[in-house]
Every structure is written in C-alpha cells, then in structure tokens.
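Numbering-wise, the numbering used here puts 265 at position 111 of the sequence shown, and it's gapless, one number per residue.
These are computed hints drawn from the structure, not numbers from a lab.
Any given hint might turn out to be false.
Within a straight-line C-alpha distance of at most 30 Å, the following computed DSSO-like cross-link-like pairs (lysine-lysine) qualify [said to hold, decoys possible]:
hint: 1; residue 1: Lys251; residue 2: Lys187
hint: 2; residue 1: Lys270; residue 2: Lys251
hint: 3; residue 1: Lys187; residue 2: Lys270
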Amino acid sequence: DVGSASLLRLARAFVLAPVVAACACASGRHAVKAPMLTNAFNWESCAFPREADNAGVDQASVEMRVMVGENGRALDTEVLRDPGFGFAEAARVCAMKASYSPGRDEHGAPTRAMTKRFRVRFERWPPEAERASPTRHRN
C-alpha cells in the first residue's frame, strides 16, 4: 500500500502558442516582447493539491498568465482555466516562485508586462486506480 505522502507528484509548465504579443503597462509603455519563464525553477517541486488527493483526481492542467515586474519577479497571476480541486491555487503558488525574463519595451528596456498564456500540468503517478488495486504476484 503506497501512502499519499510517498507518491511522486509532477508539475510541469510549458509555454503554449503565443496569445499575447504586447500589453499596456503601468508606465504607459508597451511591451513588445512578453516576459518568458526561465529554466531556473523546478516545476516538479509544485505541491499536488490535497483537495485533488481526497477526490482521487490524478491529473489536471491550469492555464494562466503572470504579471512580471522589470526585475523578472512575478507580481500577480491570472488564471484563465481552472479545473477545480485546488489546482489553480497550487499553480498560482508555483508561478509566483518561478523566475522570468522581464518584458521589453520598444527600446529594449525591461518593463512590467504579462506573460503569454502557459499551462501548468499536474500528474500524479501512479494513478489512483493503480494504487487502489495493487497487482498481486502468484508463485
């Protein structure tokens, strides 16, 4: 019997096709290059939501965007698709810890801007069904 705490929980993020090419920023400048996720953050460290554990949900995806400051730090998140079961909050927490390259204005200067839409995919392994009915070996 495998306990919930010993399960391998994976959360991966990847950038989808460009959706937002520019945004109006607080400074009045427009970002002509949207901020991007960097490879510095380990998305596999994202916690699997307890609510999903309790409901036996093995996978889900959250679509979101992140407002990134001139220094590359996350300022806020916008969830575009929430599958429920606590996944949006788990993705938000991870996205706020991640690092980003800042958006750039028309002169190449860093500016506050929104990332392109991206997806955080959560997968629990092994799935609930496999944990519920372990394979028995016969001699």
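Each hint, compared with the structure:
1. Between Lys251 and Lys187 the CA atoms are separated by roughly 21 Å; this keeps the pair inside 30 Å, and the hint holds.
2. Of the pairs offered as hints, the one joining Lys270 and Lys251 holds, with about 17 Å between alpha carbons and a cut-off of 30 Å not exceeded.
3. About 10 Å separates the Cα atoms of Lys187 and Lys270, which keeps this hinted pair within 30 Å; it holds.
Violated hints for the displayed structure: none, as all numbered hints are satisfied.
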